[in-house]
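Listed here are the chains, written in short residue letters.
Protein chains: 2
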Amino acid sequence: MIYLDNAATSLRKPDSVVKAVTEALTSLGNASRGAHDSCMNTNRVIYNARGKTAALFNCSKENQVIFTNNSTEALNIAISGTLDPGDHVITTELEHNSVLRPLYRAEKERGVTLSILRSDKKGCIDYTDLEKEIRPETKAIVCTHASNLTGNVIDIKRIGEIASRHNLLFIVDASQTAGSIPINMRESGISLLCFTGHKSMLGPQGTGGLLIEGDIDVRPFKTGGTGVQSYRKEQPMEYPTRLEAGTLNGHGIAGLSAAIDFLNDTGIDKIHKHEIHLADTFYDRIKEIPDLKIYGDMSDRVRCPIVTINIGDMDSGIVADELSYNYGIAVRAGAHCAPLMHKALGTDTQGAVRFSFGYFNTVEECEKAAEAVKEIAERR
Amino acid sequence: MIYLDNAATSLRKPDSVVKAVTEALTSLGNASRGAHDSCMNTNRVIYNARGKTAALFNCSKENQVIFTNNSTEALNIAISGTLDPGDHVITTELEHNSVLRPLYRAEKERGVTLSILRSDKKGCIDYTDLEKEIRPETKAIVCTHASNLTGNVIDIKRIGEIASRHNLLFIVDASQTAGSIPINMRESGISLLCFTGHKSMLGPQGTGGLLIEGDIDVRPFKTGGTGVQSYRKEQPMEYPTRLEAGTLNGHGIAGLSAAIDFLNDTGIDKIHKHEIHLADTFYDRIKEIPDLKIYGDMSDRVRCPIVTINIGDMDSGIVADELSYNYGIAVRAGAHCAPLMHKALGTDTQGAVRFSFGYFNTVEECEKAAEAVKEIAERR
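Protein chains in written order, with this note's numbering: chain A, 21 to 400; chain B, 21 to 400.
Keep in mind that the hints were calculated from the coordinates and are not lab data.
A couple of the hints might just be wrong.
Treat identical chains as interchangeable: a pair holds within one or across any two.
Taking lysine-lysine pairs in the BS3-like style, the calculated list, with each CA pair at most 27 Å apart, reads [said to hold, decoys possible]:
1. K128 - K159
2. K39 - K253
3. K253 - K141
4. K290 - K72
5. K128 - K253
6. K177 - K313
7. K142 - K72
8. K253 - K152
9. K363 - K253
10. K313 - K128
11. K253 - K159
12. K142 - K39
13. K152 - K290
14. K253 - K290
15. K293 - K388
Assemble the whole structure, with the sequences as input and the hints as a guide.
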């Protein structure tokens, strides 16, 4: 199988990640729940992982690295934990349902109002439009770092500058970029960063996190055991326990920690360069195919390694099935949990075929995939 | 190290669990997010795990097995998703903070009222008291299957019968029992069962679940991507997607699935018998030590393999440290996230030293632990 669905999850993990999880499964106790060696060992693993995560994204407080099950959980915590009735929020049409649905819910249940920044047909937003949407009651800008559908990357530094100037919270969904494109919370003025461990971070599923920069009060989402302040009726107010009820996924976090080591040792720039080379190789070989639609702004120099297409009016699911059954190529088709982006691109009925490349893919695989697309387009 | 902190997490996992997670880490795609082989494989793993979990606990609908990060998350979903303003809930002093804190929160934020059933000094409740607490506005009984502090097991069948008779929801926290003591949702009238994967289920951390028996509407807790019904603004209403936003911990669930196979192949009765034999061995050798306090109802024939003690007035943390440093024995001391239980036992300042045994412990380890307790008691 040629796996080109890395934007959904990185199928292949570094050997060191697999090893770290395997070792953890035979050695880790319950974090923060005791003082014996195996607990201390777990606490060490998690403490180190917090430090590495904070460093990776340049977050100033290690204890404000909150481990979650995935990016969706981080986004739910960030959005439900900071917005109050009467608040206004700005977001974009590029967003995934993991941003949109928590915002729609805040709109419906908490009296939050919402402005959704339009995207053009290439999936780009107008940054000057964004500033025009700011009102006195605007509390936050919530936006993705990159579209999971087109691979377009948002200039978060530019938005962060706007957010800082207007004293707004800036909540960033880094699901598609963390580990592949450098993110610097302090430089980009990011207040809350949400990431998942299993995509370009190259870590295990069941991991992810929320990083909080500076003094921001985020209400607890889950409540429960914390191993500290057991006699308090409410969740302790100190981070990270405030947002981490129950036993952490220590086994997964051990893998995430090894994944961050891999990213640092290899170099995120090197990883990204290779991934973009793969995407470019594929793109260059398909772009002249007649009647092929390619979505997103392919001219932007900063992109995710994603190339999303349709072949004429062919249903995207049928193209993906042909790729899978006839060529052993795994891609994603249909709707990509980004309903407004599909509407902006005009792909809400056809869906779209997304090729997403990862560090462990090869140029040869991209060439084969391009060849397959050509053949399907010719046969149709 | 002699690991006797299995009630916190089972340090040792069956080899098949480690193998399943390792294999998953090198082969699993993103569940429900595509139609290619690696996705289908993931969907199969998760589908099978749902079926096995439903069968293990005799839940009638496989699609009402919701996978969560841990038991705390399952309890948060169950409690926040079913209680409405004006509802009255009955719980017990045996509860862990993972039950108490979500209930206190519902009391404070949602206008739910709470009755907390008293425990006697042995950590037992009076079942006739329970029925007396039922009022017209009572919506649910929320209770643990076993105290994580004393190991006392609650007669859930008896409570389930009361709940059924009064048409109440019965929410059970099976954190300490799932995998070690048989649980039959239908026979015991359990509406919502919450379990964790990493304790006596012998699975990985980062796994757990909520099982829903019959037609019960549980409000979504997290919202986000579901891979289906992408154009809906709200979380889809069908189980399990209603309560499973974002990418599942497929790697962990593969391990949980293997753990359930191990439980079934070995036999839960056999596992429990061995664990109880270990606890009895330890108990028999320490019970005559002068000035030793042993908590819980040790006469009950159905118990968790937990023996919780204090040595005179010695601080429980010091006892645990001595056990760790001088004998290499890992136990848990201090407060055990069960504040009302500690108060009922009179251990809220001293804490308590909990020895908890698991299937992979040996009789010899229990003998050594008993010897260590004797020596510490004599030396003091």
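Return the numbers of the hints above that this structure violates; sort them in rising order.
Checked against the structure, the hints that fail are numbers 2, 6, 7, 10, 12, 13 and 14, while the rest are satisfied.
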